[in-house]
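In order, the protein sequence lines correspond to chains C and H. For the first sequence, position 526 (counting from the first letter as 1) is numbered 526 according to the UniProt record's numbering, and the numbering increases by one without interruption. For the second sequence, position 86 (counting from the first letter as 1) is numbered 86 according to the UniProt record's numbering, and the numbering increases by one without interruption.
If you are wondering where the hints come from, they were derived from the structure by calculation, not from laboratory data. Errors might be hidden in some of the hints.
Where chains are identical, the list cannot tell them apart; a pair therefore holds if satisfied intra-copy or between any two copies.
Stated by the list, open to error - Cut-off 30 Å, straight-line C-alpha distance, at most; resulting in silico cross-link-like pairs (DSS-like, lysine-lysine): (1) LYS585 - LYS98; (2) LYS96 - LYS159; (3) LYS243 - LYS187; (4) LYS625 - LYS759; (5) LYS299 - LYS578; (6) LYS751 - LYS96; (7) LYS720 - LYS587; (8) LYS726 - LYS91; (9) LYS199 - LYS91; (10) LYS98 - LYS284; (11) LYS425 - LYS186; (12) LYS775 - LYS284.
Number of protein chains: 2
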Amino acid sequence: MLRYDLGTGEYKNWIVSEVEFNPHHLGKCESIMALGNGYMGLRSSTEESYLGQVRNLFIAGTFNQFDEYEVTELPNAADVVELDIWINGEKFSLEKGKIIHYRRDLNVKTAELIRHVIWENRRGEQFEFLFRRFVSLKNLHLIGMKMEVTALNSDAEIKIGSGINGQMTNTGVQHFHEGEKRIFDKKYLQLLQKTTESKIDFVFNTTHRYAIDGEEIEKDPRMVMGRRKVFIETTFQLQKGQKLTFEKISNVYTSRDKEYDHENYSLEQLREDSLNNLKEEAKKGYDQLFAENVSEWAKRWKEMEITIESENDFDQLAIRFAHYHLIIMTPAHDNRFGVAAKGLTGEGYKGHSFWDTEIFILPFFTYTFPKVARSLLEYRYNTIEGARRKARANGYEGAMYPWESAFTGDEVTPEWGAVDIVTGKATKIWCGFIEQHITSDIAYAVWQYYQVTGDQDFMDRYGYEMLFDTATFWASRLEWNEEKQEYHINDVIGPDEYKEHVNNNAFTNYMAHWNIQTAIRYYEELKQHRPEILEKLNEKLNLDDAYKKWTEKVDKIYLPQPREEDLVIPQDDTYLTKQIIDLTKYKNQTQVGTIFEDYNMEQVNNIQVSKQADVMVLFYLLENKFSQEVKRANWNYYEPKTLHDSSLSLSTHCILASDMDDRELAYELFERAARIDLGPNMKSSDHGMHTASIGGIWQSVVCGFGGVRMLDGKLRINPKLPKQWKKLVFPIYWRGDRLEVTVTHETLHVKKVTNENEKVVFEVFGTIHEVSDEKTIPLT
Amino acid sequence: MLRYDLGTGEYKNWIVSEVEFNPHHLGKCESIMALGNGYMGLRSSTEESYLGQVRNLFIAGTFNQFDEYEVTELPNAADVVELDIWINGEKFSLEKGKIIHYRRDLNVKTAELIRHVIWENRRGEQFEFLFRRFVSLKNLHLIGMKMEVTALNSDAEIKIGSGINGQMTNTGVQHFHEGEKRIFDKKYLQLLQKTTESKIDFVFNTTHRYAIDGEEIEKDPRMVMGRRKVFIETTFQLQKGQKLTFEKISNVYTSRDKEYDHENYSLEQLREDSLNNLKEEAKKGYDQLFAENVSEWAKRWKEMEITIESENDFDQLAIRFAHYHLIIMTPAHDNRFGVAAKGLTGEGYKGHSFWDTEIFILPFFTYTFPKVARSLLEYRYNTIEGARRKARANGYEGAMYPWESAFTGDEVTPEWGAVDIVTGKATKIWCGFIEQHITSDIAYAVWQYYQVTGDQDFMDRYGYEMLFDTATFWASRLEWNEEKQEYHINDVIGPDEYKEHVNNNAFTNYMAHWNIQTAIRYYEELKQHRPEILEKLNEKLNLDDAYKKWTEKVDKIYLPQPREEDLVIPQDDTYLTKQIIDLTKYKNQTQVGTIFEDYNMEQVNNIQVSKQADVMVLFYLLENKFSQEVKRANWNYYEPKTLHDSSLSLSTHCILASDMDDRELAYELFERAARIDLGPNMKSSDHGMHTASIGGIWQSVVCGFGGVRMLDGKLRINPKLPKQWKKLVFPIYWRGDRLEVTVTHETLHVKKVTNENEKVVFEVFGTIHEVSDEKTIPLT
């Protein structure tokens, strides 16, 4: 059971708490309370083991492919978290004995996981435990752990097994060669692993410190090496009332780390550096290392914090929770890595990057940490050769981005999914072949980043090339329909993945059109104003030819229009002709995908049912192409047919509801969206966090209720505060200037706190404003 | 807690029982109660899962090498045993609620595992479970399971998840590519796996049947496919007092099966055949399939049964338990496979064959199932090319058998072991390099088999070649010592593995000498009587040259002699000069290897301490080379220095004690040897059964107390019944004739029940007897 209201004082609305131990629902808090820093993600499994636990440690970018039948994935690295705790000869487990007190907190402000337990064993002996843990934002390699055990009403012998366990797998898949195991000075444990295909070295080091009643003690441990495993066993004698403090400081380095991924790399150097680092850090002890982590987080909070004064305290916590996860999911330190669809919190989606990044997550960074946004877009630039290989392999030109992307940018979507209940075979996953809108999604994000930040250097180095080569892909992808005398895009999957092999998915067609149109615009602009830039790109991309094709084709692309009778835009050529069934059984279920227990994919394909927003996303991205009337009509048509079986769906609907000025509906959808991971569904996060949904929470607040939008290169702020909120304060960066925006029901207050530009111009409900220091605009 | 006395009536002394569930000691009964048939071995993990369980299913001969850093091992195949049982919304686990009754039996007569549990959940609802399981000796591919659940005092909703789980690993090492998953007719589940290196296809099929109160019911299950996993979920409503019967019949086939391991093999055929087999078999239902298994076992029991009338019923059970494991450990169906050091009951020793087979296990088969013994020796013949490669790689000639052998006969001993407490590194394992006596052990077994069975066909086809080429190896291995003018064998490990890099290990030298001497004898015999056989071998092995070398060298081999002062034979050149320490702390411990918690291997090497019998084994194998006086003197010297840290040690000492006519000591050692797996040490069998020790139990009974020995090609029976035994009845085959031997304190009765030869000649305490029907010989 989760509580959101247990933070007090400084930590009010900063703490997510679990107040009951439930061994059936371990996955929930393992995911939502995961720790991380973008370099690594550590699932919050408990120190002691339970059946059904999933222990995961992922290091961003360290992809490995087990064999030619499986796609590459982030390997589950060695575990340093497990402690094997024996008390008076019995193994400590909360499933046995009696739990007198239980509470586990994730403090998102300090990024610490804290578990406080009072437990009585079957003999009536009581013990108080305080477990603390963090993954440092200061030293990205570092994991700190501290356990305090107090023997409350008896003497106790406490034996602890602790070390480094490389037996971990990804659901049974072993990605590592076993490397050397070593114990230095009976004190520093080291384990090496090397990925089997990508040949990335991992080095783990760990060390321990012990104190009784605060007094540090030395211990000669029993040393053990097993297969892929090195650990020590230490035994302590506590007298009644005494407290054992057990600290474990660990680190992990890999040869994929930027600092080591070069020609002169040597494993010996990596081992030495990492061990030295551990020795240095461990001297400081948990408390100091943790303090360093907290002050690093404080810097982030200063930059990103949003204040929501709401009837429901949960809302404030929800946005902080989103912020926390946005930071820990993002490999901000390295532009060769993307954000994974489950972050670094679970095996789901194998660490791959989807459109989730560009459409759902990136806007937070673009508006808040533009440098990180740039790094994430550089990841797409760094993988563009993979996208070009994909285009060529499919008979197209330009850059065709993969639906799922890992380290190289080659397509890595798996081919087989869940059971087909009709055939008894695995269902074929078509996304890697025909879910193609990702290419324009990335182009869109490039453009959005450029417009919001004004980062011309990025465009010159990477952005134009990406815009042009994606347009070239689309131009080659278009299919001429002789009868209609227009270009179609056939046999695709749009955002709504319950419709496969459709022709002219509205979102896909509009975005392809936008992509080519935008390329044309920038081609012409560069030609006129910066021919030297164009020339360089021309040499590489043969742009003059490409431009010819773009301009010949762009106006002949078929863009589905609202039907006259009801203004509904056909999601694709056949959606509106399909069977309509009663969806009550499948809508608003705690479990997603329940429709597949009655229908297989082929059957679902023939029903007017959508997994998620499709036309709605189009309205959001190309907002000013569609009237409020059209938006409302399509909402009314499609939403009842949308199961929200994708976590991407609710936040989009929430923003659209704000756009349609339906604040009540928007708030209701926000409350649902904010609970996708944080809420009471105890199974939905088992395979990891829904990172796009986390990005969606931020967008719902800032772009939905805050009304922030970049439209045709201009800033617009149309706030739509829900009645439950009294005040909303958020920061955004616009063209290098930090704005602090305060929204109440009465006013919009914009404060420009930096001086990159003399003034910032923005539109509020149709009126143009400008601000050079601060400005209050009445909203009534 | 184990009980041995719960079998009654027909099953008295046939049943090993566990009467208390202890989650800390799962490994014990998983191993000792393992099921199998030589084709496969299934560890007896419970249906419901527990932390610390080790689920193992091994298929003989299906070795796979994970990578170039690890040696090949038997891969842990998919699990079909686990059932995920939910009762009224709570997962069934004996760690929760209350156990009202618990008993698990392995019935070694019927080879069935039966678990009877009455359990109360935390709400006070009581359920009675009866789990039954067998691995068929009739259909080697088949695993049958049956569960009955009765709702004793409430209605109940019972949900069962069941299927095939290919996520299994060997301690984290995944040996399989994921293959296709399929559900046919919502009823037959199929999972394919393929080993990654050896490319062996595995096909698993499983199906279920359900009945309530004996009435069969049909159910449409929920079908689920996960990664490497296919299963179904079925939900049943029981009214108070009703009983659910849940049957699961599974099978496994592999492309290494003799029937499929040929050029025209197709996976499609394997899938079809295996599925058809399952469909046919499943129709019969558990009870009939089990009955077929029981009657197959009855045939084995008829052949091998031994009666022990003892003060201690345990002794009768112990020999039956040994018989049971000797059958299930041995791949009698296929002469390409050997017996593994842990049988098919655990990951320990990776499924490799050691000298354990020839010296400890094979005698049982040679004397009881000569055909199986031949098959096991053919395995060594089939792998002789590996032995030749090993010889060449080490600069020797002939066949140098690997210390550890898998499918090809190449050396597969791992290189690194447990931690070195001084250096903190893994300890180097030298056995694969220098524990070389295995080669003469195999030669010895060939000779023993030949002499006991008189199987000339075996010798002609395989035996002579093995004897000659092993002798050639030894001749090339000998090192000339100029000073002493004799041949030495330096830098070896003898049977006592606590002495590495020693020169002139007595056992090694004597057995090498014996090996060459025996080859000379047969060369000369063939030359004289069957030159055509010799000629054929000569072409292949260049025997004339070899013979020259044998004869030149054999008499110059240094054979350590008893010291004049105390008749002690030096175990090697330096043993007797090493430090003597107080070993009390390490001797007779429940855990083995405790000396390594205080010393590392280098230090142990310099202490007069032995892991196991060394000179004793020599006395056993070459019995009539040594006087009783010498045996006793060496016993008195070495035994106090022997920690029996190898499970091979006690049975050898037991037999030697019998040979020395110390019946009390022999019985005491028998009791200890018989408890290596079966006894109260709850951790020692975690990694699998000690199969050599199991073979040793049989040898202790038949060769020790029964006094059976083949000496220089003659049968000798010198029974030495311990005072606790009234009668011992055992069968042996001698030159094709079955003898039934009955020993009491007063008489030896030998009955010849077959008529292969007119009479059988044997010696009893120095007197020659012969038997053509039966004969009673007084012993007093």
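Hints versus structure:
Proximity of LYS585 to LYS98 under the C-alpha cut-off of 30 Å is found in neither arrangement, the shortest distances being 40 Å within a copy and 39 Å between copies. Within a single copy, LYS96 and LYS159 get their C-alpha atoms as close as 18 Å, and across copies as close as 24 Å, so both meet the 30 Å cut-off. Proximity of LYS243 and LYS187 under a CA criterion of 30 Å is satisfied intra-copy only: 22 Å inside one chain copy versus 57 Å between copies. Proximity of LYS625 to LYS759 under the C-alpha cut-off of 30 Å is restricted to the intra-copy arrangement: shortest distance 28 Å within a copy versus 107 Å between copies.
Taking CA atoms no more than 30 Å apart as the test, LYS299 paired with LYS578 passes in neither setting, with 53 Å inside one copy and 66 Å between copies. Taking CA atoms no more than 30 Å apart as the test, LYS751 paired with LYS96 passes in neither setting, with 57 Å inside one copy and 59 Å between copies. Taking the shortest alpha-carbon separations for LYS720 and LYS587, only the intra-copy value of 27 Å comes in at or below 30 Å, while the best inter-copy value is 81 Å. When the C-alpha separation of LYS726 and LYS91 is checked against a cutoff of 30 Å, the pair qualifies neither within a copy, at 51 Å, nor between copies, at 46 Å.
For the homomeric pair LYS199 and LYS91, neither the shortest alpha-carbon distance inside one copy (38 Å) nor that between copies (41 Å) is at most 30 Å. For the identical chains of this complex, LYS98 and LYS284 are neighbours neither inside a copy (36 Å) nor across copies (47 Å), given an alpha-carbon limit of 30 Å. In this assembly of identical chains, the alpha carbons of LYS425 and LYS186 lie at most 30 Å apart only when taken from different copies (10 Å versus 53 Å within one copy). Taking the shortest alpha-carbon separations for LYS775 and LYS284, neither the intra-copy value of 47 Å nor the inter-copy value of 85 Å comes in at or below 30 Å.
Of the numbered hints listed earlier, those contradicted by the structure are 1, 5, 6, 8, 9, 10, 12.
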